[in-house]
Structure formats: structure tokens, C-alpha cells
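Colleague: Chains as they are written, first to last, in the working numbering: chain Z, 1 to 531; chain D, 532 to 825.
FYI, nobody ran anything at the bench for these hints, they're computed from the structure.
Since the model is a prediction, treat every value here as computed from it, not as a measurement.
Mixed in with the good hints, there may be bad ones.
[As the list claims (entries may be wrong)] Straight-line alpha carbon distances no greater than 30 Å define the calculated DSS-like cross-link-like pairs of lysine-lysine that follow: (1) Z:Lys224 <-> Z:Lys150; (2) Z:Lys150 <-> Z:Lys47; (3) D:Lys670 <-> Z:Lys471; (4) D:Lys796 <-> D:Lys757; (5) Z:Lys347 <-> D:Lys542; (6) Z:Lys47 <-> Z:Lys471.
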Amino acid sequence: MNGAPSGRSRVLYHMARADFLERVRRYSFLVTLGMTMYLGYLAATGKIVLQVGDMRGIYNSAWIGTLMSLVVTTFLSLAGFYVVKNTIERDRETRVGQILASTPISKFLYVIGKCVSNFAVLAAMVTVLAVAGIAMQLVQREDAHVQIGKLLAPFVLLALPAMAVVAAIAVLFETIPLLRGGFGNVAYFFVWIMGLAAPAGSGAEGRTSIFDWPGLNLVWHSMKALAPTQSNNFSFSITAGLGSAASSSFLWTGIDWTPALVLTRLAWFGVALAIACLASLFFDRFNPASLRRVRGSALAGADGDTLANSAEVATFRPGAALPRWTAAPVRFRFGAMLGAELRLMLKGQRWWWYAGVVLNLGLSLGLPSAESRGIALCVAWIWPILLWSTMGVRERRDGTSQLLFSSPHPLARQLPAVWVAGFTVALLTGGGFGLRLLLTGEIRGLFAWFVGAAFIPTLALSLGVWSGTGKPFEILYTLLWYVGPLHQIVQLDFMGSSPMTAATRVPVFYLAAAGVFGALAVAGRRRQLQS
Amino acid sequence: MNLSIESVSKKYARSQWGLRNLQLELRPGVLGLLGPNGAGKSTLMRILATVTRATEGRVLWNEIDIAKSPDPLRSVLGYLPQDFGVYPHLTAVEFLEYLAAAKGLDARTARQRIDDLLDVVNLAEARNRPLGRFSGGMKQRVGIAQALLNDPELLIVDEPTAGLDPEERVRFRNLLSELSGERIVILSTHIVSDIEAVATDIAVLNSGLLLAHAAPEEMLRTVEGKVWDLLVASGDLPSLRRRFQISSSVRRSDGVQIRVVSAEKPADAAVPAAPSLEDAYLHCISLHRGSVAA
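Isolated chain Z (complex conformation):
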């Protein structure tokens, strides 16, 4: 009776429920909730600041509810995506997907179930922040009168629609083969950056823009109308206590939720549904053939299936004898291990990847100004991100850990070989910049560049060993790369892309950080070996 509406609702309910329960019973969910609570704490203690000009609103229910909701629509829309973008992958890895694929459940219903489950997880985080909002108002006591409607309205009308969109985008990314893995993780970061930038300046006063999915414009116009300031500067940021404090406060009674505004916000649920529909078109229903096509033509047979046991490889060769050794010729050579690790890291890269490296090397050597060469280095060291993100991860991901960890000296031999392979990739891809510094005799700059080449694979290896997945490195590294080197923020310029960095002690700091991450990687692998 699957086709009946009630039957479909039941299937949808159980799809979403099972997935939700599987997630919330994992340790990682508790960590996620803990981090969400920390965001709430930052907002409550004034580390996350919402200002119009140099003024902030009195901490009443409307202001606090909106502040917390903007925490959701900005920060949680990034972190939450990475938290929930694994629901279909889990079904694939656990092979539950194969079972589901053999049931009458439709692709659309499956995808919607996954969207609902994603949304439920994100909504749980929103709930945590809503509770934190109430606590914040009671603690701040600027206006101790809690107005539940004013406090919760932004959560319901700003935060939840945005989370529905994020939930659906996460599923869409999982269904599009190109976006399923590390590339999708990196790509979403830029989607998110553009998504937050899009509403700025768009939309007339008192109305919401069609791009304003986080509701930033809506909040800005509403606050500006009541703030006794001429400033058009609207800021929402994490200050870590370093930013300028608001000089005065004003009373803001909240957004006037007219039916039109409410409908505009609820329309984002419709957008989420449309994204889910699109995702269901891409969803391959766990067809292994399509997965192989994605992984590269090298793995795909004519029909995308595995090799048949053709006659010549059908079984063990009858009567074949294996010669015994007269002496055990076991003599470890680091070069052989390194070569094998490098081959493993680079295997499967397409011609255009190497073409990109060569082009960048040329640019790094040929560009006239130091600034433009710095940009070229940034590009050079984001290019291999998906190679580095496999470091320390492959053994668990591909199920070879038992084979490797039972070989002699896995800690002293294999782990250093993995690191040197990553370091070699950094030296080669960023080699143009380094060579130019060497030729011009900029020794301090060369040192900063060299530290960068060591820091990146060390960070990747450490995060990979401890997390067992490339995702943390892909997210953290992209964030660090974007905020630091690309924007020439010297304190975060771990690769020495800015000429100013070399003159500071920043490279020494990152060298020390590399040492710490290296020690963590060794400790993590030792822990795996002794488990």
C-alpha cells in the first residue's frame, strides 16, 4: 500500500526517523551539540556582536531571538552543512542502501526522507540555541521580561527556513557525483561565502530580497528603521573580545511579521523542496555501476560492472607451486615506501590536474609582482587539497589498516612515508614560488614558504589520523586558506604568501604548530596501533 498517501507518509516518517536516530546516537552528535552550545555562549557573553553603526539593541526577547537566529543562518549554515552531509554516504558505506534500493521506495521519497532527517538534526541545534537565548535574556537582565513569541519568531521564520535550504543542499551535494566527496566540501564553502554576500545591498527597504535566504537584509532594514543613528553600517561578527564595543543601545521591538513577510520566509521551505526534487533526479539509487563511472574511466568496464571471472583468471592455477625462500630477503628501504605512497597519492589524477600544476609553476616564476606571485602560491596550495585530505585516512577508508598495521614498524616506516609524500607534493606544486625566492635570495621568505610546505601535510595527516576522514582538513584548511593567505592576513598566513609575513615571527609559530600537529599524528597512529 505504498502508493497511498498515508503509506507514503509512513515510509517518509520511518525513513527520516531511522536516519535521525542513527545520527543522534552517535558520539559526533553530542560534539556537534556541544559546539552549538558554545556558539550560544559566545553570543551570550558578547563575543558575537550585532550592531547598527556603533549601537546595539537592548537585550530584550526580540533582539536576543534575532541575534541567535543570525548565528544559525550564518555560522550554522556552514558548519551544519558539513555535519549533515553524510546521510546518503552512510547508507552507501553500510550497504543499507543496497537493501533500500531493492524495496519499492521511490527515489523522491528516499531523498525527501533524507532531507527531513537532515532538517531534524539542524532543527535540534536551533532548539539548543533557542534555549540558550532564553538563558541569555535571564542572565543579561537588561530586559528580564521574556516574550516567548518575540523570542521564537526569528527562530521559526528566519532560522528554520534557512536550515531547510541547507538540509536540501546537503542532500543535493550527496547525489551529484562530482560534489559528493572532497571537491563538494570545498565548493560549498564558496557557495556559502557567495550566499551570504548575495543579500547585501539587495532588496528595497521594508521588503525582503529574493536572495535573502539568511534574512540579513530583513533584519538590517528593520533595525535601521528604529536605530537612532545615521550610520548605514550593519555588522554581525565574532569579535573574540577584540572588536569595538557598542557605544550605546536602543530599543528594538523586533521585525513586524506581516503575512506577506511570513509567506516570503516560508517560501524558503518551497525552495528546499525544489532542491530536493532536483536531488532526486540526480540520485543514482545506489547503482554500483554509476559509482564506478564517477571514480574514473580507469575503473569502469564497458558496462560499468566488475570484471567477470573470465576463463584465464577464473580460479587458482591448478598445480602452481610457490617457491620457498632460502633466506629471508627482508631489508626495508624508505625510498621504496615513499615511492609507493606517492604513487598511491597521485594515482587517478587526471591530465588537467597536472596541467594546472605546470601552469601555476610558470605563473609563479614569471609574474612580476610579489603580490601576484603570492596569489599564485595560494592557488598552487589549494590545488592539491584533495590529495592531502587522504593522508592518514586511506587506511580506514579503504579497509587496508589491518594489512598495514600488521607489517613491521608501521609507525616508524609507513607514517613518515605518508608525511614525506604530502610534503613532496607541497614542494612540487608550490615549487615555482620557492624557486623564485631562492633565485632572488629572499631567505626569510624562503623559510616562510618552506614552513608552509611542512605545515600543510602535517595538519592534514594529524586531522586525518584522528578523524578518520578527510572532511575536517578540507573544511578547516579551506577556511584558513581563505581568511589567511588569500586575504593577506599576516597572522594567518601560514604559507608565507604575503611579503610582509616573512618579516614577522609568524613562520616560526607555524613551524611550532607543525611540530605539535606532527606529534599529534604520531600519537593518533600509535593509539590506532594499540587499540
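Following the hints, complete the assembly by docking chain D onto the known chain Z.
Modeller: Relative to the frame of chain Z, chain D by itself:
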């Protein structure tokens, strides 16, 4: 060459024991490790392969504690885990070269050995194809090849015939027979016929406990005079199942031919039968379950 397992226990979370106080002394030959699913076979294999550590007790390889000093054993170890993966983009040769490097084989030796092994497991024709395109049986044979890369003195194979078709299973058993001799082979399976063909010793595990450790002949003696063939009507089968350990049943036109393992004669029409290792194994397991239930 000897492997001593001394009072080894492995505890998982919440007082769940994977192994309890296991005591075994192994010398060259093939030890068949038998037991139902969840008996602790894979746990023991992983401890012996230095992939995990015992909670209590110790394992000595040539008098060296493998928990304190695992590398002397790892240098001469070949291990085929029950569940293992491969790197899908590497070819069979590249994958074996990678693991040969990890095991410390020099390049020339590795190349020769890989050629020999691919010949034995009959994957020479597929040597340059990506592993991602291999069938389950072919991957399993790559796993067997990697376990033999360093001509191991201790070969541990956990459910090696899983994924192999009947013909492949027979060929693998023959290979294992050829390999035994001056090495210790530990073969874990719940398929008794695999063990029957090659094992020089048998250990039976259940619920983390070692129930028996004996030569196959000794195991067979434990059910001497306790195995019966009996033809019964289909309708009588359920009640007989409740009363006796039935090791096999074959449907015939005039009823069901069953094989009963029992100290007492199950029916007047029952005739004594020659015991098999499967009968001995089932008897051993049912005795243990009976003692636990009592």
C-alpha cells in the same frame, strides 16, 4: 618456531568478553580454528596478528611477547583479515608492490615474488587491471597473495574461503596444504570441510572459550559410537530436532534421512554411522551449550 598463547582474554565494553583465558601452544602445522559466529575467532586472529591487544595474558612468538615487541613477529607474518579492503585505483601489481614495501621487501625480491604469487592465484592475466574492477573472489585472491608476500613463518588466514566459489575453495585448500610444513598456519572458518582437508590440529571456540584443542583423530574419537543414521517421516522431524543434535538431513521419497549425534540410540531403526569432523564439532558445541544451560 613456536607460538604460545598464555591465558589470553579480550574484554570489550561493558564486561563483554571476546575471549576468556585462552591457552594454546602452537608448532609448525595447520591449526584449524572452528566456532560459530561470534565465538571469538577473529578476535584471536587480530591479537595474534598484532592488530589489537589482549586485555589479559600474553602471546609469545619464539619467547618474545608480541604486545611489547611486535616487530619480530610482523617481519615473518602473513595475515589475511576477514574484512579487508583494497585501493581501487591501483592495479594488482601496484597494490602488492605497495604492501611489499611496507613489509620491507627489496624491489627485486618483491617483483619476483609478486610474479610467482600472481601465477599461483591465477591473476597474472589481470595483473595490470585496477582492483576496483575485480570481482569479490579475485579480490580475495589478491588478499591471499599479499599474505604470502614475505614467505611468512606464521600465516594467519581468517575466513579465507569467504567469497570463493566451490572450485576456488578446493584449490585454496590444496595451496594451504602445500604451504604448511615448516611454518605455522592458523586457519579460521566455520566451514568444517575446509578444516577437515588441511588441519593437523583443531581448536574449537565458543563464546570466547576454548572448548577443545586436539588432533582431528582425537576429535573424531569423542563421537565414536554416538553417530546414527535414521530414516524418519517428515512429520517426526521437529520433535526429533528438539530431543537430539541432528547434524544433517536429506529429503528422500520415503521420508527424511537424518544423522543424529547422541550417546543413546535415538530410535530402534537407527543404525550406527562413521563419525565425521562436523559431527564431532557439533557435539562439542552442543555439550558446551548444554553445560551453560544447566
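Colleague: If a hint holds in the structure, say so; if it doesn't, say that too.
Modeller: Evaluation of the provided hints:
1. Z:Lys224 <-> Z:Lys150: holds, 18 Å
2. Z:Lys150 <-> Z:Lys47: holds, 23 Å
3. D:Lys670 <-> Z:Lys471: holds, 28 Å
4. D:Lys796 <-> D:Lys757: holds, 8 Å
5. Z:Lys347 <-> D:Lys542: violated, 40 Å
6. Z:Lys47 <-> Z:Lys471: Roughly 27 Å between the alpha carbons, so the hint for Z:Lys47 and Z:Lys471 holds.
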